[in-house]
Amino acid sequence: MAKVVPASSDEQLVEAVQSAGTRGVLARGLGRSYGDAAQNAGGVVLDLLGRDRVLAVDEATGVIEVEAGISLDRLMRDFVPQGWFVPVTPGTRAVTVGGAIGSDIHGKNHHRAGTWTQHVRSLDLLTGTGEIRTLTPDDELFWACAGGMGLTGVILRARVALTPIESAFCTVDTQRCANLDGLLEAMADDDDHEFSVAWVDCLAKGEALGRSVLTRGRFARRDELPEKKQADPLAFNPRTPFTAPRGIPTGLLNKYSVAAFNEAWFRKAPARRDEEIQSITTFFHPLDAVADWNRIYGSGGLLQYQVVVPEGAEDVIRSCIDAFSHAGVASFLAVLKRFGPANRGHLSFPMGGWTLALDVPASVAGLADLLDRLDEQVLAVGGRGYLAKDSRMTPELVRAMYPALPRWQELRDEVDPNHVFQSDLARRLKL
Amino acid sequence: MRDALGRLQRVVVVGGTSAIARAAMARWARERRGLEVTLLARPGARREEAAAELTALAAKVECVDLDAEADLEAQRARIEAAFDGGGDVDLVLVALGALGDQEQAWQDPAAALRLVDVNARAPIFVGVIAAERLRRQGHGALVLLSSVAGERVRRSNFAYGATKAAADDFYRGLAQALAPDGVHVMVVRPGFVRTPMTEGLDEAPLAQDPADVAEDIDAGLAAGASVIWSPATMRVVMAGLKSLPAPIFRRLPI
Ligand SMILES: Cc1cc2nc3c(=O)[nH]c(=O)nc-3n(C[C@H](O)[C@H](O)[C@H](O)COP(=O)(O)OP(=O)(O)OC[C@H]3O[C@@H](n4cnc5c(N)ncnc54)[C@H](O)[C@@H]3O)c2cc1C
Numbered sequence: 001m002a003k004v005v006p007a008s009s010d011e012q013l014v015e016a017v018q019s020a021g022t023r024g025v026l027a028r029g030l031g032r033s034y035g036d037a038a039q040n041a042g043g044v045v046l047d048l049l050g051r052d053r054v055l056a057v058d059e060a061t062g063v064i065e066v067e068a069g070i071s072l073d074r075l076m077r078d079f080v081p082q083g084w085f086v087p088v089t090p091g092t093r094a095v096t097v098g099g100a101i102g103s104d105i106h107g108k109n110h111h112r113a114g115t116w117t118q119h120v121r122s123l124d125l126l127t128g129t130g131e132i133r134t135l136t137p138d139d140e141l142f143w144a145c146a147g148g149m150g151l152t153g154v155i156l157r158a159r160v161a162l163t164p165i166e167s168a169f170c171t172v173d174t175q176r177c178a179n180l181d182g183l184l185e186a187m188a189d190d191d192d193h194e195f196s197v198a199w200v201d202c203l204a205k206g207e208a209l210g211r212s213v214l215t216r217g218r219f220a221r222r223d224e225l226p227e228k229k230q231a232d233p234l235a236f237n238p239r240t241p242f243t244a245p246r247g248i249p250t251g252l253l254n255k256y257s258v259a260a261f262n263e264a265w266f267r268k269a270p271a272r273r274d275e276e277i278q279s280i281t282t283f284f285h286p287l288d289a290v291a292d293w294n295r296i297y298g299s300g301g302l303l304q305y306q307v308v309v310p311e312g313a314e315d316v317i318r319s320c321i322d323a324f325s326h327a328g329v330a331s332f333l334a335v336l337k338r339f340g341p342a343n344r345g346h347l348s349f350p351m352g353g354w355t356l357a358l359d360v361p362a363s364v365a366g367l368a369d370l371l372d373r374l375d376e377q378v379l380a381v382g383g384r385g386y387l388a389k390d391s392r393m394t395p396e397l398v399r400a401m402y403p404a405l406p407r408w409q410e411l412r413d414e415v416d417p418n419h420v421f422q423s424d425l426a427r428r429l430k431l
Numbered sequence: 001m002r003d004a005l006g007r008l009q010r011v012v013v014v015g016g017t018s019a020i021a022r023a024a025m026a027r028w029a030r031e032r033r034g035l036e037v038t039l040l041a042r043p044g045a046r047r048e049e050a051a052a053e054l055t056a057l058a059a060k061v062e063c064v065d066l067d068a069e070a071d072l073e074a075q076r077a078r079i080e081a082a083f084d085g086g087g088d089v090d091l092v093l094v095a096l097g098a099l100g101d102q103e104q105a106w107q108d109p110a111a112a113l114r115l116v117d118v119n120a121r122a123p124i125f126v127g128v129i130a131a132e133r134l135r136r137q138g139h140g141a142l143v144l145l146s147s148v149a150g151e152r153v154r155r156s157n158f159a160y161g162a163t164k165a166a167a168d169d170f171y172r173g174l175a176q177a178l179a180p181d182g183v184h185v186m187v188v189r190p191g192f193v194r195t196p197m198t199e200g201l202d203e204a205p206l207a208q209d210p211a212d213v214a215e216d217i218d219a220g221l222a223a224g225a226s227v228i229w230s231p232a233t234m235r236v237v238m239a240g241l242k243s244l245p246a247p248i249f250r251r252l253p254i
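Chains as they are written, first to last, in my numbering: chain A, 1 to 431; chain B, 1 to 254.
Any given hint could be a false lead.
Distance ranges between label pairs, derived from CB positions [unchecked claim]:
hint	chain 1	residue 1	chain 2	residue 2	range
1	B	Ala52	A	Asp181	21 to 31 Å
2	A	Gly328	B	Thr55	27 to 37 Å
3	B	Arg172	A	Arg121	30 to 40 Å
4	A	Ala380	B	Gln102	55 to 65 Å
5	A	Ser279	B	Arg172	48 to 58 Å
6	B	Ala222	A	Ala323	22 to 32 Å
7	A	Gly366	B	Gly173	31 to 41 Å
8	A	Glu11	B	Leu113	31 to 41 Å
9	A	Gly328	B	Ala56	40 to 50 Å
10	A	Gly328	B	Arg172	34 to 44 Å
11	A	Ser19	B	Phe249	19 to 29 Å
12	B	Ala179	A	Gly328	31 to 41 Å
Now the stretches of chain B that chain A is said to cover, found in silico as 3 or more residues with beta-carbon under 8 Å [stated by the list, open to error]:
hint	segment
13	4-17
14	24-34
15	136-150
Please keep in mind that the hints were generated in silico from the structure rather than gathered at the bench.
Using N, Cα and C, we set each Cβ at its ideal position, and we do this for glycine too.
Chain B extracted, bound-state conformation (with noise of 0.2 Å):
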């Protein structure tokens, strides 16, 4: 259970290597000694990192394999048993994403169902099973990583963004289906973020590091936020491009 501080007790990350992901955990870990992770991630030297980094902050931490490109059926009984071990789950993470090669993922079929997979697939399995776990025990978070690319797909990047858009839309809905159970649903659109994931890609305005998401997500959580952005500022920007006309969207070198 949560503490009256706000400090979580347990929480499950589904995607744990991501560095938004590890931020996060790293904060509720120094905020919390003893910090119970669940991290579901493919098995492999980054997530023997993430755990490693989190056992030195003393949280408990446990893996479970899931590889969100593969047969997710096939892993359901494993994804629900993740959240049934231990005690409740306060908060249930989903970090999971891929940006992939964006003029690939548009002419080549199998690429672009990759990105499906991993961005918007994988996320709604999970998100359903979870729902259903916070629901059984009547409070929680639950908390998408979404992106601001979901927003207004654009030229430069809408095979990532109109996944991205399927998730966060999802969980949108989720939050009206879950509020009557006390459990709170949250989608996070971070701007550019300086991650392995971004490396080499030029730097957008108002890029951040995985820690400003972080600190953003719990402001966010502490506030009873339905969707936040990271940074705040982002939120203004993207509401200018959405209402911008098409045929000047189209233009904007973005």
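One chain only, chain A, in its complex shape (with noise of 0.2 Å):
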């Protein structure tokens, strides 16, 4: 359990991390970060929700100002309707700019435009000494902090450039793929492509194996919009999410409901459909519009597996896949995404190669040994995990995947040497 401290004004946070107790601090966003990575036990949590001010914009450039605890949501309805989209989103619009940098996430555009920290053109840092920091990315310690986790100190604001676009609606073509070498050859062109990502059937096996739905896509011109959009190319305003049904009995995705809902799916998607015209919430965040779905997983919850491996290791991908489909994991949120080249960023986790996510609910028999096994191909190619959705590696593990680990610990120590920022992720970790 932590005191959750809603912060206000620089001074009140520099007093904050000055009087910081044993346990430690933590700036927290909205949370949405899957394991502990946002917890901090017996310690203090800083809510910065509180701070989500624009602080000044560019209208020339698309260069904002913003107070780290604002939402990509609010961002989204602020700047979309003046023609700029956020440079990077994840798969939710409910994660606030300091949440994306201390993760250093990345979107359905990483291969050709890098993770949100690479969008980051300054940021304030306070740091464990109770000093504001204006960092830039020519600053070492402006890498630590992407994918930092939090650890290396508050993120207050961050001056992020977006990206112009014409409407706010995407053109996007979807294709279906009979099995994993299929879809692999499908993406050979991505590059071509500003968004890409495929949507993976888990249960599929045999020839099947790694089945998949494809779908690309750009922002679309204001021309190419259906005449009645064409008024107002730029509005977006979606309904806030509903939540589901509060009736739903635990458990009630099990493999057999799971592989009718893929099954379903992947019919459903056309074998090859062209530049149809999606809204953003459709293209991009798809599971906004289902409040609390984690919920449908049943009471042992859910947990989220991400990995990536380097290119020419795409064997292990097809290992993970068929591991899954063998175990008969139940996950209907397997995504296969291609990524560009790795950033400066010590513990960011993108680099070139194949990332693969997908949600399995927690209580699957034999879950734990089946993990942990992948963990040690993916570690044997190279490839690593994805901080922000762990909640099971060991402290030897990411020491192993992530060589620039005593590097970042050497900076963090630099500006946090008493470890006032702590995390339950980094005392499992031993971050």
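Bring the two chains, given one by one in their own frames, into a single complex with the hints.
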């Protein structure tokens, strides 16, 4: 259990850091990281959501200065109508700018645009000694903050370059792939597409192993929109998410219901359909329409598993999908995506190659051993797991997966010699 | 920190040579490679054996001396230090226990007090230290190996039962005191368990092996229970026994 303290002024945050007890403090945004990254048992959690102002906007370049507690949802609501989109969006709008840097998040455009932090021009960091420093990508410390999981300090403000758009719609190409080979082949020309991601049916076996639906797209030009949308091409006003009905029996999802769902999804997808106009929400954030969607996984909750392996190690991806399909792991949200090159972030997750992400009900028998085995395969080819979604790796594993960890620790020790910044994740992984 | 699959990372086991504790530790070590175990127990062959078994399961074991029958205050610094080294303690298992010679224990004051020391004084002493540590870190579980014998003392083993009851009650109170801090306290009441402690005794109905109790402990932890019986049916048996009128109860051959 942690004490949650709403953050207000810089001075109050400095004071909170300087008076931190032995269990330390930690910044928290919207708490959308899956595991224990945004938790600090016995210590203090600084809730940054109250710091959500837009401080400056350069209408010519799209560079904005914001407080780190602002959500991507707010940014989209404010700036899409003005013709600007966030440079990178994850699968939900419910994340903050601080969390986006803290986890150095990626989206469907990673292969071309890189991570969120790669669009940050500078940031203000409150360090463990109570100092406020402005960092730019020329500072190594800046990169220690990218994916630094809040452990280098509190990100107070950031200056971020938005991306110009002509409409609030995407033009999307959809393609059904019969198996993993088909998918990898289809993804070979990903670089021609701004956004690309594949949904994989992890329950399909044999010939159909890795059958998938590949969707790729880009923002539509105004003249590509249907006539009635052209009048107000930048309209963006998603309904507030509704809540999954309370009465959903827990554990509704099992191997059979998911298999049926996956089958239907796969069949529903067109063998091939080009240039369909989709809204931002439909294309980027389908899950936001179902608040509490994770509840359908039952009381055991769900666990995210996301790994990346370098180009050339496609066999490990195959072996992961094969293992899940054999174990009958009921997951209807497996996603495969090609990443572009890694950035300088010591603990930043993406690297050139393939990333596979899926949700699994934590109650699956034998899950722990299965994932441990897959981790070893991933490690053996130089791949790694995503800290923002981790809740089960070990200190040894993370050390091996992130060779720059010792250097990150040196930098962290310089700005936070007393380890004021702590989290459950940091304790579990001995970061 | 416990991970999302409920696997423990670091445990402190007090009375770590008990058969049930050993079964539980082996279970946890099998679940998670590199489990960190701090064993507080009397030095000697039994502790070596328990440690070796865990090391063979790839656990990292640290042994700390604890003598439940000796002056506890003199050992306090060492016990506290055992909790402080290393990372957060996910679980503390207090498995101290002595059965003794039941007939001697109500006729020889020293023998009676020996049971008080091992079954009540030391568990309560360590429980207070553990509680403070877990409270400070804001998470973790504290598990006491109690016994059904304490629920209603009976002629055949009341010296044991009464001392177990003292610790049992204390920990159930701790459960309430620590709940606001996110600490889970659980009292485990096994029935007859086939262990070196009960060797030579006639097996009672519903007798179990230590591994069965270990499994029940994990289930209780996962469910957030404050008291569990092992096997679960023992709860009904004890409820029945407790509600028997004294004159009948006294005549039972138990
Ligand atoms: C449905 C869903 C889909 C997702 N899809 C993706 C995806 O496609 N790609 C992807 O990369 N991720 C994805 N994620 C993960 C999510 O983007 C990250 O976990 C992100 O960090 C969450 O932001 P948050 O504001 O909720 O941060 P929190 O969960 O509150 O915090 C995350 C980390 O950032 C730190 N942090 C937060 N604010 C600050 C600050 N101001 N200063 C310093 N550190 C700070 C915290 O200490 C913590 O370590 C998804 C999550 C969900 C629930």
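- Query: Counting residues of the segment 24-34 of chain B whose CB is closer than 8 Å to a CB in chain A, do you get three or more?
  - Reply: holds (count 4)
- Pairwise beta carbon distance, Arg172/B to Arg121/A, judged against the given window 30 to 40 Å: At 58 Å between Cβs, range violated.
- Query: That 31 to 41 Å hint for Ala179/B and Gly328/A (C-beta), does it hold up?
  - Reply: The hinted range 31 to 41 Å holds for Ala179/B and Gly328/A, with Cβ atoms some 38 Å apart.
- Query: Holds or violated: 22 to 32 Å for the Cβ distance of Ala222/B and Ala323/A?
  - Reply: 25 Å, holds
- Do three or more residues from the segment 4-17 of chain B put their C-beta atoms closer than 8 Å to C-beta atoms of chain A? As far as the segment 4-17 of chain B goes, the hint holds, because 4 residues have Cβ atoms under 8 Å from chain A.
- Query: Can the suggested window of 55 to 65 Å be confirmed for the beta-carbon pair Ala380/A and Gln102/B?
  - Reply: Holds, at about 58 Å.
- Message: If I claimed the Cβ atoms of Ala52/B and Asp181/A lie 21 to 31 Å apart, would that claim hold in this structure?
- Response: For Asp181/A against Ala52/B, whose Cβ atoms are near 50 Å apart, the range 21 to 31 Å is violated.
- Message: Within 27 to 37 Å: is that where the Cβ-Cβ distance between Gly328/A and Thr55/B falls?
- Response: The hint (27 to 37 Å, Cβ to Cβ) holds, given that Gly328/A and Thr55/B are roughly 35 Å apart.
- Taking the CB of Glu11/A and the CB of Leu113/B, does the distance hold inside 31 to 41 Å? Violated, at about 60 Å.
- That 19 to 29 Å hint for Ser19/A and Phe249/B (C-beta), does it hold up? At 59 Å between Cβs, range violated.
- Count residues of the segment 136-150 of chain B with a Cβ under 8 Å from any Cβ of chain A, then say if the count reaches three. As far as the segment 136-150 of chain B goes, the hint holds, because 4 residues have Cβ atoms under 8 Å from chain A.
- Message: Holds or violated: the 34 to 44 Å window for the beta-carbon distance between Gly328/A and Arg172/B?
- Response: Check passed, 41 Å falls within 34 to 44 Å.
Of the numbered hints listed earlier, those contradicted by the structure are 1, 3, 8, 9, 11.
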